[in-house]
Structure formats: structure tokens, C-alpha cells
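There are 6 protein chains.
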Amino acid sequence: MRFEDLNWMDVESYLKTDDRLMFVVGACEQHGYLSLLTDIKIPLALADAASARTNVPVAPPLNFGVSPYFTRYPGTLSLRTRTFIAIIEDLVRGAQAHGFRRLLFLNGHGGNHPATEVLSELMNELPGLKVDWYSWWTAASVKAVAAEAGLAPNHANWLEAFTFCRVAELPSGVKPPTPSARLLSADESRALYGDGVFGGGPYSAPEAVMERVFDAALSDILARLRFD
Amino acid sequence: MRFEDLNWMDVESYLKTDDRLMFVVGACEQHGYLSLLTDIKIPLALADAASARTNVPVAPPLNFGVSPYFTRYPGTLSLRTRTFIAIIEDLVRGAQAHGFRRLLFLNGHGGNHPATEVLSELMNELPGLKVDWYSWWTAASVKAVAAEAGLAPNHANWLEAFTFCRVAELPSGVKPPTPSARLLSADESRALYGDGVFGGGPYSAPEAVMERVFDAALSDILARLRFD
Amino acid sequence: MRFEDLNWMDVESYLKTDDRLMFVVGACEQHGYLSLLTDIKIPLALADAASARTNVPVAPPLNFGVSPYFTRYPGTLSLRTRTFIAIIEDLVRGAQAHGFRRLLFLNGHGGNHPATEVLSELMNELPGLKVDWYSWWTAASVKAVAAEAGLAPNHANWLEAFTFCRVAELPSGVKPPTPSARLLSADESRALYGDGVFGGGPYSAPEAVMERVFDAALSDILARLRFD
Amino acid sequence: MRFEDLNWMDVESYLKTDDRLMFVVGACEQHGYLSLLTDIKIPLALADAASARTNVPVAPPLNFGVSPYFTRYPGTLSLRTRTFIAIIEDLVRGAQAHGFRRLLFLNGHGGNHPATEVLSELMNELPGLKVDWYSWWTAASVKAVAAEAGLAPNHANWLEAFTFCRVAELPSGVKPPTPSARLLSADESRALYGDGVFGGGPYSAPEAVMERVFDAALSDILARLRFD
Amino acid sequence: MRFEDLNWMDVESYLKTDDRLMFVVGACEQHGYLSLLTDIKIPLALADAASARTNVPVAPPLNFGVSPYFTRYPGTLSLRTRTFIAIIEDLVRGAQAHGFRRLLFLNGHGGNHPATEVLSELMNELPGLKVDWYSWWTAASVKAVAAEAGLAPNHANWLEAFTFCRVAELPSGVKPPTPSARLLSADESRALYGDGVFGGGPYSAPEAVMERVFDAALSDILARLRFD
Amino acid sequence: MRFEDLNWMDVESYLKTDDRLMFVVGACEQHGYLSLLTDIKIPLALADAASARTNVPVAPPLNFGVSPYFTRYPGTLSLRTRTFIAIIEDLVRGAQAHGFRRLLFLNGHGGNHPATEVLSELMNELPGLKVDWYSWWTAASVKAVAAEAGLAPNHANWLEAFTFCRVAELPSGVKPPTPSARLLSADESRALYGDGVFGGGPYSAPEAVMERVFDAALSDILARLRFD
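Chains as they are written, first to last, in the numbering used here: chain A, 9 to 236; chain B, 9 to 236; chain C, 9 to 236; chain D, 9 to 236; chain E, 9 to 236; chain F, 9 to 236.
Read the hints as simulated data drawn from the structure, not as lab findings. A virtual CB, placed ideally from N, CA and C, is assigned to each residue, including glycine. Any given hint could turn out to be false.
Unchecked claim - Computed from the model, here is a short list of chain C residues facing chain B with C-beta under 10 Å:
id, residue
1, M131
2, E156
3, A160
4, S197
5, L200
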């Protein structure tokens, strides 16, 4: 139940019986051989699945995030941190004004974490508002799946290589580790990561593993949608 | 050829032979009985069609615009003007840094027009950059189709009732005129427009008319992509 | 009744019986052979005339607007869009705090239109506030005068060549058309427009036509000051 | 030689032989019995006089300044500090882009002083730019005239009661002192100052004194226009 | 009683019986031979002394101020004006939210004065809040001490050469005057001031004079802490 | 070697042979029974120790951070995210302009992490600049010490209870766990955490453990100062 499939009367009806909403935030940035929209596609697929089970609607995804370290990879479109947090603020105020009171942000991109402090600021200002933020790849449940499968999870490697994120053949084998101690500029990132995949794990994983990853994250999301 | 179907290597290859890019901007806002994403769906469909004919890629749509007058209709999520223009600035700088030099913004929403001044500011700052902005419903070609069909075009009426924007049954008949002389607050807008459709024309039009509208706009876009 | 001719006690007295105020916004920018302040002089003259008939006071003009496309013409002083909308916000809040409730912006410059969305945002935030925005050269009434006179109206041509805007001799004859399909940078604008006058019409018009233009706009303003 | 009496060709010509420009900044705020535009009228009159002697042009006045402490006096329209400094930045960059290299700001209002740090920031960024800032009422020369005349100068009292600032009868006699140790809110200011005139001196002074004040400030300005 | 020596329970207790707080603002900037933190050390020493006598706590110092004219002297770290006023705003709102109602800013640096207008804006917005701003070196009492001692006070000369600000030997004798008529860029400042000390007075003064300066400022602060 | 013990000549000398600088960022916020400045005191002590071994100077600490979730605990003074990142930007640009090229931020507070994206943005813009960010309590080395000691580390518990952070008696025993699944508002935080200490570990630890924690972090810092 995405907003794109609803009109305003549908949302008005929904708000008579529920006050939850899912937002999807991610990035338009290099993901090695995968889609530039990988960080949107994954949380959006999770949101769709969670919506199918709970009827909580999904606001349109914010297709751009904060990716300054990848701007030397063509196709990466990064928002400044201050722009990104201004958007988050506008979306939250907008939803709150309509009567939404429990907002779950499904985040697909690490660079978007500055939003979390802004969300705390907004909860202070807007009484009664509850906001949650879920970055699926950092979840204990997902890490456990990876550990069990013996696969090191990382940016643009098998962990994100869902079928729906693939736009090209993936290399076989394992990408060598790409250790980085420091914050990297865009030039340094490109020099270090080459094809854009962070090292230490394989480029792809068996479909069954991907399903377990997806299910683990979905489970977490369903739990969080209870807003206990 | 949307960015979501490409990886960064694809974009790097493309930039060796072309420097054009299409952006899609719109709104998440009430459109009467139509989808909340109507203002994205239409320019995105046009972008897809134009991309199929020219191979010019389409950046991910910016799913939110400036809609302060509709915020009393649930589901409308409006960005502040200053947020919106900050995004436009980031997207343009990002594309320009990769080597894109001719950018066509396909706009689906009237409230986004503050971007045009910012685009002029950016062209002054970034030498060699050409930017165009196309709001399909204001085009002479589209107005001519409407006039020929004898149908008054307006927000959320037949003009936007493409099949792919429909999410509910449409009323039959003609919406009575909704004259407004002034800028309206969100409360005044809701009081005046009721179901959200601007008056003066029918709720829907024959499919043949919709095709002529679409083709007229597509034609314009293909011409603009030549950036003469 | 301009603010410059009043002291604060006068405004306090006025507010006991009325709550209307006119603002004048325009630009300091090239207007071909005409004054750099043309976009202020015209709406200010209209405001003075409307004030004489209604006693509604006129706030000091904002002498700068958003003119990024003309910054290669010396004397053009353009505000960034974000600066301009910040000013508009401050002026509206300031007037509202004193008790003004019906504000009419008389605008002389096309680049200032980003203000209108901000005005809607402000009306949402400040209950009871009504704001109107009038750009005289876009009015149907003014276009009708031009059409009747058979003169194509355009930037810096006869349409703005009121006696009080002239600071030099005007060329005779008609400026050839200057067609522009795209947004233009400041360099492109200067290359295209040359003397700065947009083409398609004569450099001046008979005084009687100018009077009809002025009267048409004044009539509109008087109607809008009723804030029906 | 105000910008309003020039067109862009005039400014282009001027810049071939000179690179100086005067800006006028002030406030729209209560000045007791005097005009709400007193803080513009005085520096503008000085600018006109200096321009007549030097041919240095005068940009249009910025009719609003930073006056938060006077917003309980109707007619005061105060810009936020951040808005004001954004305008100053835009004006300086705009003038510098045309080739102006020596800018003299004639300031009529104490609350505008935050601009001076921003002007230093801009000089660091724009090599070759020289900027001066002159607040006439703080000048040693003006204070000397007041001292010699035995009149305590203050906001809205005789010091600013030039003929061209008067819009009402002035009280006779001396306003009692209005001592203030702290920063004042708008409410506290109104309670303390009553009619808005700061105390300690008379409401008006003989014309001959006013002329000496004016001449002293003009003299300073002419010296500063040499930009030694 | 600095915040660093308190925990939150201590502040909560304090607020049951008092609502005053001292802030210390200054700069990290060149002070000739003296410490880069001179503009913090002096008001912080004064705050400590005042706190010892009154029990009013001292918030942590803001160690950076607005110093654009000194950025060519290594070690100077200047905040943009807009950054500085944003900090001031956040600190005031934060203190007010806890229940502090009387705030005394002890300022050590001239470039920070743009804060005062922002403080007025905040008092307008936050009813019941009283804010005071004290720049010790501009106080009549301090100037009187200097005059009595026959020593011209200036930036980085004897006036600031308290023992606790010294980090190197001071030159003997008097620095020649360094007259400046205009706003200076950082390059111009360094060229004019050389070692960074403003001229006209000696590099140091007898300890007894320094004590009188300190006591004069402390006396002022104690008076202001009464917030009459 | 803190900036407060240096003058500008010292910094100029230093820059002839080295280009490294340490910044200390933290927070003024509740830390249970510990000092409100705990998040500054720890990284500053580490910076001092690292400076003693390497001669790399330490810029003045930024005494305020982003702590929206703790603003219901008196004494917490939180900067908005956008203010904080503006400061970071100014400090980095300022240091870079002097010739510093390798900057190590020692961070004491989790809420400050939005800075890291901004630091990447700045490295993109300022060629040759290397920036590192170290949050001591998240370091593997520190976690290893805690694990080895069998003590769960957390906000304001033993982990931060260095002697130099204590301002009151500490409770004995272990704070019960305080599980939190969601982002919390300030009200929710106070309700959940009570005395402000996050649960799961003891209030204090043996001095020997604290030394090992300190040494582990110091070791990391010394390694990072090599900027390999």
C-alpha cells in the first residue's frame, strides 16, 4: 500500500483507524555492479512486504541520500548533510500535521545517519510523536544470518545482491579486503575500492541466504511496527 | 533507461559519448481521485518514453515538491521552498561533477517553479552547463490539444487522469468552476476545492485525447533534448 | 500614504480601523534603456495611486529581487532565491505582529515568483492572515490593453516605458523577436538580448496606451484591496 | 546619481573610469515623531550630496534593517540578523562581479552592525575588494558638533530631526533621560521609551546645528570615498 | 561553580532557588604575544570570580568567535557570523528550556557583537527571559582605570596582558599607533598590525593596574547579576 | 600543547615542520553523577597525552554537541544538528587555510556523528586535506578492555567514570539494564534512564581498568596521528 496507489481520501480513511506510516530513505550511489538505487530498492521491498502484512502505508521513497565519499563514481548524486536533514524535518512535520503519530524510517544507506539526531529534535518539539529508525544491514538479526552463512557482509557485496538489485553480471569469487582506517574523500574511496564493492566477502550468495536476510529484516520491521 | 537499471559503470560509459540527463520532479500531494504521486507519474512516463527514443538516462524522481496550499489534504507531503531549492542545487552540482552538461528537468508540479531561478544561478556558477525546465501542462502544444478537444484543463481533472494515475473510480460529468482570485492557505484551499479537483472541466477524457496530450508533451521533450 | 511619510503613531492609529497593507517588490536590474529600478517604479506608482484612493498604506519598497539571468548587465544586483524568500518571510511576520491581516504584494519582477509558495506557507502558519500577490504585467486586463493596441508586451519594451521609468532616449521602431526556448545563464542572456530589451514589440507606445495600461492595473489592485 | 536614474549602459560606462559605489542601509522602524524611514533618509541624503560632488553612484537603499527591540512599535519591520547579512553578502558579490572594487556602505541604523564582520569575511574571499562602513551618528566629527552645541545626541531626538525626516509636529523641550543597562526586549523597549525617543536631549535643534551635523558627516564621507 | 564541576542533579537543585546563568564567549584568535585564548581567559576569570561571590554557575565557554580580520595569523579559528549566531540561539533556548530566566553573557571579543541583535530577537520570542551582554573592555569603569593610569587600551596590548594570558615574553616599550580608517581584510590586518598588537599603548602594565582593571570589570558584573 | 598555551607565532613556527592538528569535540550534557563536561574531559585528556608524546597541538575544545535526547536533564545544552555541522565546517576551513593538512577529531559524544559526512564533503572540496575522526568508546581496543574486565560499557557508567570526570559520590553496584528499542524523545529518555546512567554495568570500575581503557584509546590515537 504505497502512497502512489492511494489518493487523499484513502489516507484520510486510514487515519481514522491507524496512525502509523513507513518512510523509505536511501541513496542514489554506486553499488559496484548493482543498481545505483540499491539502497532504495532493499528498504522499499521490505516496506512493501511489511505493508502487505500490516496495512501500514508507505510514503514515496526519498531517492537521494548523503554520499559524499562516492561522488567520484558516476551516477552517485549526493545531498549535502544539511539538505538531507531539512528534508527529513519537512517530511516528519508534514506527516505529523495529518495525524500520523508513529513513523518508522526504513533506511538503506549508512550516510543518512545524521537524520537520527534531527528526529530526536523533532520528537521533542512535536508532543505525542514516536519515531523509529531501522537500518536493516546493521541489525543483529541480519548479522546473525551472515555469520551463520559464513559470509562477511559489506557495501555492495553479496549482502545487497538481491535479484531485484542486479543490473549486470556479478563477478564470481571473493573481493579482497579493502581496509580503511580513516574517513575517505571521494578520490581516496575510488582509489581504494576500485569497482566500488567493499572487500572481505563474495560478490553474491545463494538465494536461500538472501531470503533469510530478507526475512530477518522483515521480522524486525514487523516488530518495530508495534511501536511498543 | 532509468538510473535504477544502471550501475555506475554504465553511467561512466554513457558519459563518454553523451552528456545529457533527465531529472523528474513533482509532488506528493492531493490530486482529487487520482494518485498522490500523479505529479511524478506523468513526467516519469514522459521521461521513460523520451529515454526509449534517445537513450538519455533518467535520474531517480524527486518524489516531493512544494505544496503548501494542499497540506490540509491527508497524504500531501510538502517541502519548504528553501528545502526544495537546496535539493535542486545539490542534484545539479552532483550531475555536473560527473560530466553531465545538458540537464532537462521534467516537472509535474506548479509549486516547484521557484527552482527555475536557482537553475539560472547555477548556470552562472558552473560554466558550460545548460539546463532546461519543462512543465508539460503549461506547454502550448498541450493547451492546443485541450482547446481542440474543447476541454478545460486543470489540476487533477481529466488532464491528469491518465490510466496510470488512476487509483479509484472517477466521477462522471464536469466539476463546476472553482474561481480563486488570491493566494490560498491550506484551509482555504480545502474549503474551496472540496474533493481537490480544480473546476471547469470534466473529470475524465477519452483515451484518444489523453494520447494526444501525451504525444504533444513527448514531442516537446524530444525537441528540447536537442538543446539547440 | 507611504511609510516614509508616517511615524509609528500614525500606523498605530490606522490599525484601529483597518488591517490592510501594500508591499512593493521588484528588482534592481537591467531594463534596456530604462531605469535600473523600473520594476520598483511601476508597482510603487500603482501603490501610490491605490493608496490615494483607499488610504491603505504602502510599506517601503524592497529594491532588490531575484535576477540571476541579468547579472552580466552592469547595475543588476540580484538576491539569491533563498535570501529573497527569507526577506519576504520577515516582512510578513513583522506586519502580522503589528496586527495587519490583509497584505497585498505588488510585484514588478518575474524572478520574484518563488515568494508565492512562501506566502502560502506563512498563511498556514499565521491564522487569519490573508495575502495576495499581483504581478501587473501578467494581468488579463493589461494583456487586453496590449492586444487592443496591437503591441506585443515584453520586458523593457514599450510596456514598461512609462515616462517615470525613462532615463535616456528610446530607440524608435520595433525590436526584432528574441526567441528563447531554454533557461538562460547570464552570459547567454546578454548574448541573446543585446541592449536588454526583449523583442517582438516597439520600444515605446503612445502616452494614451500607457495610461490605459496603468488604469487597468490600478483597477485590478483596487478590486484586490477589497480582499473578497 | 542614483541607480534609479541610470540604465545599465550608464553603469557600464562609469565602470570604465571608476570602481566606487555607495550603498545605503538603514531601517524601517519607529523614530518617535519622525518618519519610519529616518534611518534611510539621512544616509541617502548624505549619499546624494556626496554623489553630487564625486560622481560616485548610489545603489538603491535597502529599506529594512535589524530592529528586534522596536517591534512593538507599529510600522517597524525588522529583518532577522541572518536575513540581513545574507542580503549584504548578495549585494557585495553582485557589485564585485560587475567590477566595482571600492564599496562604501552608508549606514543609518545601529542594529545593522552585524554586517561589518560579514564584510570582512567577503573581503577575504574576494581579492582586491575594499569595503568601508560609515555610521554617521557615531562619527567623532558629528559628536563634536553635538558637544559644541551642548546637545545630547540620541535615537530619534534632535540629532535625527532633519527637516526631511519630519512627518509631524515635534514636542518642545527636552526628553528626560531613559537609562537602560541591559539588552531590552521589544516589550521592555516600548515600556521604557514611551514615545520612542531616547532621552537626555531636546526633540529638535536649530537648523544651523543640523547643517553642521550634515556637513560634518558629508565631509567624512568625501574623505572615505578616497579609499586611501 | 563551572558546569564542568557539576552534574545535572546539581543544576536541578540550583534551579529551585535561582534562575541566573553566566555564559562566556570569546575567540580563538591572534593576540600578539599573548595566548590565542586570551578572549576566553579573561571573561572566564571574571566569571569564576563572580561565581565565587554569587553562586551563579558558569556554562562552558564557547571557545570560538567571529574573527575574519585575523585569519592570516595562524591559530585564529573564526566562525562565520551566521554560525556564531546560530550557536547563541541554541544556547539561549537550551538554558531557557531548563528554567534559566536571567542570562549574562560575558564577552571577550569585539567580533561577537552580532549576537546582541539575536539576543533581542530571542527575548521577544521567549517571554520572561532577561539577557544581558557585557564586553568588559568597553566598560566605562575599565576605560576610567586606563585613563587614570595614562595607558591607551587596545587589542592585545597591556589591557589584555594579564598574567594568566601570557605565554611568552612581552616586548617592552610602547607599540606605535596603527591607525586604520576602514574595515580590513585579513591580509590588510596582518600587513598593518605586524605582531598583531594594536598600537598606541605599552605591551604591559604594572600588576596593580591590571588588578584595578579586573576589579572594575568584576564590580560591573556583580551589579549586572542583580538584573535590576 | 594546547592552543591556549600558544600564541600565533608559535603556531606559525609549528606549521613550518608539521601540519597535524587535534580537535576535541564532545557535549555539555547529563552524565548521571559525573561532570556535565564528561564528553569533553575524556577526549581532552587523551589529546593532552597524545600531544605530550607527539607535539601535535590541540585546538580549543568545542564544549557543546548534539544532545537532543537529554534536554530534559538540567544542564544539558544541545546544539541543533545543523548548527553543529556548520561549526565543524568553519573549524576545518579555518585550520586548512593556515596550512594544517592532517586533522584528527577526538570525539567524546555519540550525538556528534553527523559531522563525519560533512568532513567527507570538506575533503572533497579542499584538496590535500586528510581528516580522521576517533570516538574512543567505540574503538575495538577499548571494547576489548571492557570485555576482558567483564564490565558492560555504557553512557555515564564506569566507562566514563575517570577520576577527572567525578564531581559527586558514585553509587555502588550495577545499574539494571535500560533497554531501548527506539529513538527516544527527551521526555522518554528521562523516564527511562532516571539518574541518567545507561544500564547493564557498574557505576565504577577499578582504577587499573580505567588506566587500561585510557591507554588503549591513547594507543589508537598515536597510531592515527601517523595518518598512514
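Checklist line | Supplied contact hint for E156(C), tested at 10 Å Cβ to chain B | finding: This hint is violated: E156(C) lies away from chain B, its Cβ roughly 22 Å from the closest one there, beyond 10 Å.
Item checked: Supplied contact hint for L200(C), tested at 10 Å Cβ to chain B -> violated (13 Å)
Notebook entry, point to check: Taking the closest Cβ pair, is S197(C) under 10 Å from chain B?
Noted result: At about 9 Å, which falls below the 10 Å cut-off, the nearest Cβ of chain B leaves the hint on S197(C) intact, so it holds.
Note to self: A closest beta-carbon separation below 10 Å is what the hint needs, so does M131(C) meet it against chain B?
What the structure shows: Check passed: Cβ of M131(C) comes within 4 Å of chain B, closer than 10 Å.
Next item on the list: Tell me if A160(C) is really an interface residue toward chain B, meaning its C-beta lies closer than 10 Å to one of theirs.
Entry: violated (16 Å)
Hint compliance for this structure: hints 2, 3, 5 are not met, and every other hint is.
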